[in-house]
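Sequence lines, in order, name chains A and B.
Count along the first sequence starting at 1, add 61, and that's the number in the numbering used here.
Count along the second sequence starting at 1, add 8, and that's the number in the numbering used here.
Source of the hints: derived by calculation from the structure; they are not laboratory data.
Worth double-checking, as some hints may not be accurate.
[What the hints assert, rightly or not] Only some residues are given here: those of chain A computed to face chain B with a beta carbon under 8 Å: (1) D434; (2) V675; (3) T821.
[What the hints assert, rightly or not] Pairwise CB distance ranges, derived in the manner of DEER restraints: (4) B:E94 <-> A:W813: 32 to 40 Å; (5) A:T862 <-> B:G96: 55 to 63 Å; (6) B:K54 <-> A:D846: 41 to 49 Å; (7) B:A142 <-> A:R141: 24 to 32 Å; (8) B:R148 <-> A:D846: 39 to 47 Å; (9) B:R162 <-> A:R141: 22 to 30 Å; (10) B:D32 <-> A:W813: 55 to 63 Å.
[Stated by the list, open to error] Chain A side only, calculated, beta carbon under 10 Å to chain B, not exhaustive: (11) R219; (12) P221; (13) D229; (14) A430; (15) F672; (16) Q817; (17) V823; (18) T824; (19) T862; (20) G863; (21) G867; (22) P888; (23) R890; (24) K950.
For each residue, glycine too, the CB sits at the ideal point set by N, CA and C.
Given next are the chains, with one letter for each unit.
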Amino acid sequence: MSHQPYRLASGGHIDRDHEIEFTFNGRLYRGHPGDTLASALLANGVHFVGRGFKYHRPRGIFAAGAEEPNALIQLGHGPRTEPNLRATQVALYDGLTATSQNVWPSLRFDLASVNQWVSRFLPAGFYYKTFMWPASQWMRYEHVIRKAAGLGKAPTDRDPDRYEKMHDHVDVLIVGGGPAGLAAALAAAATGARVMVTEAKAGFGGHICFDGAQQIDGQPAAEWVTAAVAKLQAMPEVTVLPRTTVTGYYDHNYITALERVTDHLGNTPTHLVRQRFWKIRAKQVVLATGAIERPLVFADNDRPGIMLASAVREYVNSYGVLPGRETVIFTNNDDAYRTALALDDAHARITAIVDLRAEADAVAGDLVAAARDRGIKTYFNHAIIAVSGHRRVTGCSIMELAEDGTTVTGPVTSLVADCIAMSGGWSPSVHLFSQSRGTLSWDDEQACFIPDVAHEATVSVGASAGDFSLAGALKNGLKGGMEAARASGAKGRQPAAPKVDPVTEMPLRAIWQVPTNAGKGKQFVDFQNDVTAADIRLAAQEGYLSVEHTKRYTTTGMGTDQGRTSNVNALAILANARDAHIPDVGTTTFRPPLEPVAIGAFAGRAVGGQFEPVRSTPMDPWHHANGATFEHVGQWMRAWYYPRGSETMREAVDRECVAARTGVGILDASTLGKIDVKGPDAAEFLNRIYTNGWLKLAVGRARYGLMLGEDGMVKDDGVTVRLAEDHFHMTTTTGGTAAVLDWLEEWSQTEWPDLQVYFTSVTEQWAVASICGPKARDLLAELSDDIDLSDAALPFMGVSTGTVAGLPARVFRISFTGELSFEINVPSRHGLALWTALMAAGEKYDITPYGTESMHVLRAEKGFIIVGQETDGSVTPGDLGMDWIVASKKADFVGKRSLARTDSLRADRKQLVGLLSTDPEVVLPEGAQVVADLKPAPPMTMLGHVTSSYYSANCGRSIAMALIAGGRARLGETVHLPLSDGNLTAVVTEPQFFDPKGERLNG
Amino acid sequence: MADVTTQAFSPLDHLNLTVGGPSDAGVSLGERRFVGKLNLRVTPAKIPPAINDLLGGPLPAVGQVTFGGQVMTAWLGPDEYLILTEPGAESALQAALLEGFSGQHVAVTDQTDNATIIRLAGGDARWVLRKGIAIDLHPRSFAAGNCAQTMFERAQITLIQVDDAPSYELIVRNSFAPYLWSWLADASQDVGVRIVRL
């Protein structure tokens, strides 16, 4: 034990049989399983663990839980390093390494600590006052400030750990596993309701585990806790989650929680996740989140060794650690006397208790009486006016308070102390209640905010409701749990409350800023963001009256601890400065997450290959085996082009495009959306949804259709085949598939329910190989002996059914290239077989697979649009020069009325045209702005932009399409494209570049 | 030329999955390849008796599945059902259903090749599913005989609980199947997973 000089000989919930090693700031220490990093450091006598945010003053471990503002550390190194962790929450494991953050070059010798000597130049609003001018320099300032403020370092490598999400639905969620939470869980669970209880710490019981010798139903409190947890764990409908912090409370009782699954193990077993992020939908919520002790605001109250009184007690009783050998307790309430008793039980020396209250106001309390009976020296009506020690407190000076408590008087008494345990009263943890939009009210007697009106189906119990007594927590916990269970629909009787001996406690004395006559000491309010009482008073003087403004101006409460220990003190000092009542100053809003959460936990499994589904076609293995490159098309990965040997992309695409027009090319078109349309009114439905006529389409024939929104703008397009009188096979764009099906269902269900028609997605039922080129028919003929491929039997836009390569197939003679072309559809299980058969049979025709890039070029050569490329939701058929497909004589179709709007008919609308760059070798950049008049600098008269642009080997030059204002009237004009690396010019043309008469469709 | 008519691939075939795993695995994972799938659109008030005979009973109620011998029917929507049948039996069933409806306005669409079925079964199956599915899978809300169309993380699925093991069938479009499979295999690591051939 000699390695841990401040470890008590007995006590605590640590595993004393095992000693483990850890490193802090490069130095090796020892602790025990069950320690936190903070308790282990304290056991080794290490208080000084960090430096303040602004002044870089030495800071020590302050608390024992989530509210810790000082002991922020960087855990681990390499890809697993994590910044901003609170040492009080980091479970100790063998081999743990941690360093202080916000120090440079080292904790003991920190250069920026010079700030503490120039602090009068760093007042509230310092950044605003200093770095605002010149505004153009802010980016540079920000960089320096962030470095100086240093909040740890993010890892640069990929996180090697795994995370996951977990969804759950419960009748009653109980947040907090202290006495109130456990009582609520027992009551709710007894009804058979689905209950979940979460506890942020590893152990349950909250304060009763370290508050000292209390009895519940005649047994020690800790045993009652153990029994209660065991009982809950044994119940099938109860989920008990230790090491789980509820991080967010959202609408409709949707709650998120972070479970630290393996953080306490050090090495994460490979089959387990490091953390699990719970997404919980609860019918009812019971908040039993406890309370947080407030510091007292006195001079130099940030010196290492000055801690919350309850934290001192917790280290003694839960970890067997003595934070100091000579402790002064500074309090305004009875609860801190529990710390005195705990220290006394551990045979630790208590220099004195300094109580802000007059003896007459305190002496009737049971705890005060117990301290007196043990002979602990108490100074009533006294205040600490100064503290000695820099990197560790060495003592303090106290004086008597004048009658009104605003000044001190009389002689100074010096007390020796290497630890000061302070208590300024308790603030219920109302953060989650506040997140859920519950309102708060001010409890004057207990000097704290308590939950008032809930917005969600939630109830607060125990200390989080301002009920600080154990008896009350148990009784109201049971009641809250029972009521929540009943409200969720469960039935049962409320169990009897366990018996607890009452403890009489006297009221606290609220002195928000402890008076001093010693001058210079800083009185810290917000320890994490280095905000002092003087800063808040200065802000008030400067007119920052709203608490929200004061918060932002001084940064109080804006640290990662969200002001857990500082908010009420700050509000009270602001109220005092404004001579206002605390509730009139208001309170700030708490926002999720309650505590910092690693990004990995939010991501869960959505990382790497599981970030997004990668959809591929049945022919995909062939593309991979044959050297295809791929491009993303929505979630699809489509073959882009197939380079041979050392071909560049341009060379490969040129070759593919020429082959498709001179020999035979083959494209995997499986991703096209496919919708089966069935019913006696199917033709009528299509007639209304498409701009052109569909009633007279013959069975066995296909037609291209354009779909508009009600606004008359092009929405989708595709070829639809009539398979039978009442049966159509519609194709959509790859990206528009789901939206089109929704669109059809919407019109069917809401506007035309009288039409008898059904829609069913068959996108992936069919694999599609599209072959095109003069030799396409010869190739297909080799593989099909039951389909007549003659022009007469299967003309352009004809459809036939039979077999291809022995596979059941539907063959559509449709073309997106302008060449003789067949789309062969087979059930998708056969897609790869169809493809390989076509490739084998096509060998003698030098069949050339082409990808999406060549597909784009080939269709652009013909001036065929791609919805989403030539259109952007603001383009009408007329804009595209596609009036030919709008059957204006039809009674109606979706979008018809909008096409007659004045705006739809403007002559200067952006219209689709071709652009031929002056230099035929230059490919205009897609998206480039087209202007009428070139000027040295913007603004220029913008006409539109390039929508598609390629090099066309078939045309022997570059080609482009563009949407240009009044473009149809500009044919032949030269336009300019101003670019950052030089200006280009181009001539406006018709948007057809190859075979404009369409003579090649017949091969 | 080689006969390709016997070449049929499911979307998971290319993962080259190895059957096996610990005998005490918390879940088993397997693909049911080429199960016949017929999507039925019909107004449920007008079901001829012949259809009930083919499906082994009346159409399922909201959120439910009916089991009729070789046929399982899942409710998908107020006028939409998914009928699962033995591999290869879909064409005959489709024809029989159309005959049974005798000209009534219905759509019976073959979706056999549109999707595949991943079966996740075992004592920890619910635990694994809850990692990717937001709906309540507790037996009080979702038990054997229930079905739902929902999202599994980023993949749309139809989920059917087949028995109390519990065994679940996840019907997923082909192109999402590899994503779903690898997700489930990864999410099962903590309970152990055995890959089975079904």
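Find the hints from earlier in the document that the structure breaks and name them by number, from lowest to highest. 1, 5, 8, 11, 12, 14, 19, 20, 24
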